[in-house]
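Protein sequences, first through last, are from chains A and B.
With my numbering, letter number 425 in the first sequence gets 425, and the count goes up by one each step, no holes.
Take the position in the second sequence, starting the count at 1, then add 487; the result is the number in my numbering.
Keep in mind that the hints were calculated from the coordinates and are not lab data.
Please note that a few of the clues may not be correct.
Said to hold, decoys possible - Calculated pairs, SDA-like style, for lysine to any residue (alpha carbon to alpha carbon, straight line, at most 20 Å):
| id | chain 1 | residue 1 | chain 2 | residue 2 |
| --- | --- | --- | --- | --- |
| 1 | A | Lys340 | A | Lys456 |
| 2 | B | Lys827 | B | Glu837 |
| 3 | A | Lys66 | B | Glu837 |
| 4 | A | Lys456 | B | Lys943 |
To be verified - Here are a few chain A residues that sit away from chain B, every Cβ distance over 10 Å (derived from the structure):
| id | residue |
| --- | --- |
| 5 | Val10 |
| 6 | Arg68 |
| 7 | Arg93 |
| 8 | Met102 |
| 9 | Gly168 |
| 10 | Asp211 |
| 11 | Glu245 |
| 12 | Phe248 |
| 13 | Asn259 |
| 14 | Ala360 |
| 15 | Ser410 |
| 16 | Ala438 |
Note that CB positions come from ideal geometry on N, CA and C, so glycine has one too.
2 protein chains.
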Amino acid sequence: MAMKDHDLHVYNSLSREKEEFKPLTEGHVGMYVCGPTVYSDAHLGHAKSYVSFDVIVRYLRHLGFKLRYVQNITDVGHLTDDADEGEDKLEKRARLDQVHPMELAETYTRRYLRDMDALKVVRADIYPRATQHVPEQIAIVKELVEKGHAYEVNGNVYFSVPSWEAYGCLSGRKSDEQEAVHRVEVRSDKKDPRDFALWKVADGGHILRWDSPWGWGYPGWHVECSAMAVKYLGETFDIHGGGLENQFPHHECEIAQSNATGHPFARYWLHNNMINVDGVKMGKSLGNFVTIEDALRDHDPEAIRAFLLMTHFRSPANYTVEGLTAARNGLDRLQGCVAKLVEATGAAPEAEGPSDAVLAEAVARADRDFHAAMDDDFNTPIAVAALYDLVKPANLALAAGNASRAALQSALDLFTGLGEEVLGIVGDPTVDEGSMAADPFIELLLSVRHDLKQQKLFDVADHIRNGLTDAGIEVQDGKDGATWSRK
Amino acid sequence: MAMKDHDLHVYNSLSREKEEFKPLTEGHVGMYVCGPTVYSDAHLGHAKSYVSFDVIVRYLRHLGFKLRYVQNITDVGHLTDDADEGEDKLEKRARLDQVHPMELAETYTRRYLRDMDALKVVRADIYPRATQHVPEQIAIVKELVEKGHAYEVNGNVYFSVPSWEAYGCLSGRKSDEQEAVHRVEVRSDKKDPRDFALWKVADGGHILRWDSPWGWGYPGWHVECSAMAVKYLGETFDIHGGGLENQFPHHECEIAQSNATGHPFARYWLHNNMINVDGVKMGKSLGNFVTIEDALRDHDPEAIRAFLLMTHFRSPANYTVEGLTAARNGLDRLQGCVAKLVEATGAAPEAEGPSDAVLAEAVARADRDFHAAMDDDFNTPIAVAALYDLVKPANLALAAGNASRAALQSALDLFTGLGEEVLGIVGDPTVDEGSMAADPFIELLLSVRHDLKQQKLFDVADHIRNGLTDAGIEVQDGKDGATWSRK
């Protein structure tokens, strides 16, 4: 499918409108997605975020774009209240676990990537670590101080929100009133309660710290993403993705500090919505989460992906066991059809068959509907439905048994090309379900042989023994009957 | 096994003697091993290095030491001639592959860890990246310049070898005469041909570069390891490991630059020897390598580990297919014995048996010999032999069938505790070998049934049909005979 045939529109949080997607450089896309803070295990809320962007990445590549996907790993500077107060999440957890913060980061980065691999999330091209880009972050902070958009107080450097008129352009919020009041109470060195930290002084034994023009400290969470995105994608790049909960203040701050250095930052902002459990956001702090590891014990990755993709990425999904089961049941029909197509395609005739025309029309419609849905802000629920709509005509053609190999193959190609390569929900239909264990049949043979010997039917009894020997089974006759073992 | 019972001696390359191992802090060990430069796939030469240090790590932990294991990932600064000339290995390969050097690093770091996992190499606690520690490296270079041990010329900073009398303490070499002559020809800004680069000016479009007191550049390979080891293990730490080929100049330079900052560096230097193929070192540049991925296609990880451990880590191993096969055959005996022990232990009597005393003596001897070998500079060939020596008495006790459960269990514990947990060569003896496929036995049953029906022996024929039904097989009688399918 050539790019020019498509007319992709994405909802840009920045303009609050669906816009035609036109990358900066034709045929190329630079995409940055806020990655995890690696201090604990990822849960289904993270799965919704990263599976959503995984499908966006897969679809853009399917359209022919050469895409560089950058996703950061936050291993320093993310504080417990997501803003400028509280403890560094990694330092806090590392102290509890009595390990070095970098050991903690190693452990949870590894577990995060293991979970993503298990969910069939395609790896990013680069996973930059925040601690890996401290010089780049210091350079941005320095520039902002020089340009009058930031100031230093007691070793902390703050971005001056009043100095940047466009602050609020993304979220429409100038500040969180309540938080601002709260914050000004506990920390009084900000000139304005809306100001946010670019650099924090390392006090109280903060282990991860670096020398800077403002003394020993560590970078603020917001500036990390600005530095890493720009380093690998250029000052202005195409897509910035992340969770809706990070739109404010995290992404708002990213935009302010990046634009204030004099360069437009990301052009399209995509935000995924959360997972709710009984109407409340699934999250670490609420304790109502299901880890990806746990979810994968009960459900296969295709079912989890299908469940997540049955809600649009910008809408909240409601997590229930029933919802996941329903997704699994829907998939069973789809995967069953694909398995039958694989089997039938090999044996089907070359010559055109009576079912060909109807099936070809259904395939063309599914292809059209799938692309129309995905081109409309990656509308995966409708795209999934387009695939499901093909199951019935495909099953009818299979049952009729009079479609040509080419007709069946085109249905199969659509399922694997769009269902698996783009959505990742079909799985590998050629995978063996696992052979049945031979033991009960060997036991049955020995029991039949016993009956035959009792009836003096030694010919047939020997037939069994010889057959078992040929199949690699050694039969040992004893006074308590026959036993067997593999040779 | 308590630490105090052991009297571990290790050969220290620094003193050229076996020394008693006494860590800096009782009960704790800090260990650093030079990791891979991530620009291509790891081969068996790397496997020898990392499996050797894996067993050292496992053994020290087995002795009860709390060990922090740090292994770096070199993603910048390693030049093609391993010294100060040539191109940056990552930049060169990235240019050929038309990817960003950090994409290349991501790809090969992932593949390296995948290979190590497959070889059952226990992960390091921290894998610091060189690019993640540029500020720390700049700080060391700055300090060395201030202390008069380094100087800047045209944006490059060199360590002054004449300024450091102890240079050569590790390798006994003051310089590589031939290389020095060669080098002085091509680069004349060194004051002494033996001087080595701490910081390189970023010319010719070097993508990975950082601002520094000497302008834009990137760190020299040697200083990376000094910075990362000290950051996570402290200025003075216990063990530094690496390949013998890095003893000079890499480790010699590490020692010089680290000690010259005023602090003793690593206390014990452990060097593993290489793998030879037809008498020549297996290496990337010679093209005579077998990648770990390829080796694992033909051999299981236990066989590869056993093959590597049958040579002492400080001796060169000779790679041949026959050698690997011999390792596999030896393991078959060992693993066969362990599998039988697992089976017999469950059924063995509680009461003391006639074979107990002989078996207990053999177990005690194997335990003693194993630890004596490992305590003597991690002598794995002898440690492996100690385990093999237990196979015969264990098999004799099993064949006699009169050892108690406790006696068999102690043999089993030794094999799993030392053979698997320390050496990683036993594998999981409880793993199912894979059930046999049922199909040939079902076919045999149908063929017997066919015979019986022809002979009008309907009772036995129905016995077969009912047995198949109970086992979940549906039999369909047709004019061309019976067919079957799973229900």
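Hints, one by one, checked against the model:
| no. | hint | in the structure |
| --- | --- | --- |
| 1 | A:Lys340 - A:Lys456 | violated, 46 Å |
| 2 | B:Lys827 - B:Glu837 | holds, 18 Å |
| 3 | A:Lys66 - B:Glu837 | violated, 68 Å |
| 4 | A:Lys456 - B:Lys943 | holds, 15 Å |
| 5 | Val10 | holds, 25 Å |
| 6 | Arg68 | violated, 8 Å |
| 7 | Arg93 | holds, 15 Å |
| 8 | Met102 | violated, 5 Å |
| 9 | Gly168 | holds, 33 Å |
| 10 | Asp211 | violated, 7 Å |
| 11 | Glu245 | holds, 27 Å |
| 12 | Phe248 | holds, 30 Å |
| 13 | Asn259 | holds, 23 Å |
| 14 | Ala360 | holds, 31 Å |
| 15 | Ser410 | holds, 28 Å |
| 16 | Ala438 | violated, 4 Å |
The structure fails to meet hints 1, 3, 6, 8, 10, 16 from the earlier list, while all remaining hints are met.
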